[in-house]
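Undergrad: So the chains spell out like this:
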Amino acid sequence: MSESFTKGMARNIYYGGSVFFFLIFLALTFHTTKVMPERDHRENLTEAVARGKALWEENNCIGCHSLIGEGAYFAPELGNVYQRRGGDAGFKGFFNGWMKAQPLNIPGRRQMPNFHLNDEEIDDLAEFLKWTSEMDTNAWPPNIEG
Amino acid sequence: MLGHQTLKGSAMNTLKYQSQAVAKPYFVFAMILFAGQILFGLLMGLQYVVGDFLAGPIPFNVARMVHTNLLIVWLLFGFMGAAYYLVPEEAETELYSPKLAIVLFWVFAAAGTLTILGYLFVPYSTLAHITGNDILPTMGREFLEQPTITKIGIVLVCLGFLFNLGMTILKGRKTVINLVLITGLIGLAVFFLFAFYNPTNLALDKYFWWFVVHLWVEGVWELIMGAILAYVLIKITGVDREVIEKWLYVIIAMALITGILGTGHHFYWLTTPVYWQWVGSIFSALEPLPFFAMVLYAFNMVNRRRREHPNKAATLWALGTSVMAFLGAGVWGFLHTLAPVNYYTHGTQITAAHGHMAFYGAYAMIVMTMISYCMPKIRGIGEANCNRAQVWEMWGFWLMTVAMVFITLFLTGAGILQVWLQRLPESGEALSFMATQDKLSIFYWLREIAGVFFFIGLIAYFRSFFIKEKVEAQT
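Protein chains in written order, with the numbering used here: chain W, 2 to 147; chain A, 6 to 480.
Chain W with its partners taken away, still in its complex shape (with noise of 0.2 Å):
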């Protein structure tokens, strides 16, 4: 590096500019917040979402699962999967007798445990894939597969 550019400025760069461009994230996460409402339909968040979410969490379903995108790989994506197991027609009922058959046994298949949740429970979890499933996700996944 040459010798005009001292110690000095180096630190001035690294001190102005990282305090520069952290209040420009935080403006930005200020401003985020403020637009999310719009998009993440928080008042369909009912008490049901609520337990859903906190089953989601305690099961640690993200260890398998990716939601959004966000998660482990090992198993599908669950953003969107009240759309892609039958939506409002369908999805609950699929649903429950999909909780209800795990683990399938199936030779050499990834395998999903039983979590023993109770009809309601179920219920609960999926009024939070539902609601997770409405989110305004700038048209993430690309397709119905997730």
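Hints are computed from structural coordinates only; laboratory data are not their basis.
Treat each hint with caution, since some may be false.
[Said to hold, decoys possible] Across the chosen pairs, the derived CB separations fall in these ranges:
(1) M2/W with L164/A: 31 to 39 Å
(2) D120/W with L122/A: 39 to 47 Å
(3) W99/W with N305/A: 55 to 63 Å
(4) I140/A with R110/W: 34 to 42 Å
(5) K473/A with A102/W: 26 to 34 Å
[To be verified] Among chain A residues calculated to face chain W with C-beta under 7 Å, some are:
(6) T73
(7) I140
(8) L141
(9) G145
(10) Y254
(11) T277
(12) P278
(13) G352
Backbone N, C-alpha and C fix where the C-beta goes; we use that ideal spot for every residue, glycine too.
Starting from the known structure of chain W, fit chain A onto it as the hints suggest.
TA: Then chain A, alone, in the frame of chain W:
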């Protein structure tokens, strides 16, 4: 050749400050956890292709949680060990309280071990229940699976650790390396606090979850890495501190200027405004720059070295970490960071490929760089291990590093095919997730084989710690 310059005369006491020795249990425990991480990685790799292998006793989600949490915890142990070693020497004073450092070691080790055992032997929902997750729910989010009480424990350990280091720095010399390191470590503790914010609204939950995950690995951890690398480079090359510190400032300036707004690359598909696609793409496209600068810097400093340090292995690790961090974090990060590309690659095996090489290259390797440099001194061996031990260590380096390159390449292959089959076609024509996974199995098998080579490399690396100099080699 190597033996001539080692300082055998002072074999019993090669530490400048006796309190630096508290780093040893941290390093040793980090390496034990590292071994555990790799074993669980191998198990998961096998479950990717033999889906029901041990699916009852150790379901994939448990194995993954153990794999990633062991990684995080061993890196934290490594950073702490590195700081306890480096800070006193830079500050030119003994550590404020070696006793506190040892107490915190046992607290953290016990909490970490109990948490991992909890993951393995108690169903996760039961663990959530008995640790009171309903009082302050923080569990069940990727990488933040620890029970809330463990998270509180981590915060307390960090506070004690920062207090100890802060007091040491305050009473001693305030070097750039020490200040950058402590800034990084304070940032680590501060951003971890977002782990306690878990709103019902998933969009907000995810948004601030990234304040921990992204602002750690693409923010403050880069300060820690930069400071450790700078310290080791000063020691092994003898290059003037002024030059190294200038480079350090330039690198961390670039890291934060690109990395803070680079967080935007996680806000593309998250009920967030579309401007993040521009902000995130532009700034994260620049994120490879600090890593590239790190490569130039490490090689430049080693080429301009003023001494021949006998610890060739530590030099190899220092150069290696810069290259692998650039490839893993820089190049593989860039591969899928632009919004139009990320639309198709988000949450595929491409992400897994990037994650593996970036964590290994930037963070696992910087900790091993420090361990390589410090351990011979802490153990009273001298400036460096004997030649034979270094040869084993370098075998470990090459086997692990090349294996990681192959793991990354195979996962990238899997990811490209996955995008091609599952993401690019229209609904109705795209293959389902599970059908796609079947098509990827050859890549997963190859990845698993590469993983076995990584494990062999790890054994060679561990072996190097147990090799004593032969007496005849001395004469």
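Undergrad: Work down the list of hints and note, for each, if the structure agrees.
TA: These are the hints, each one checked on the structure:
1. M2/W with L164/A: 31 to 39 Å: holds, 37 Å
2. D120/W with L122/A: 39 to 47 Å: Violated, since D120/W and L122/A (Cβ atoms, about 33 Å apart) do not stay within the stated range.
3. W99/W with N305/A: 55 to 63 Å: Holds, since W99/W and N305/A (Cβ atoms, about 58 Å apart) stay within the stated range.
4. I140/A with R110/W: 34 to 42 Å: holds, 38 Å
5. K473/A with A102/W: 26 to 34 Å: violated, 59 Å
6. T73: violated, 9 Å
7. I140: Status violated, d = 12 Å.
8. L141: violated, 12 Å
9. G145: Holds - the Cβ of G145/A comes within 7 Å of chain W, reaching about 3 Å at its closest.
10. Y254: Because about 4 Å separates Y254/A from the closest Cβ in chain W, which is inside the 7 Å limit, the hint holds.
11. T277: With a minimum Cβ separation of about 5 Å from chain W (threshold 7 Å), the hint on T277/A holds.
12. P278: holds, 6 Å
13. G352: It holds, given that the least Cβ distance between G352/A and chain W is near 3 Å, below 7 Å.
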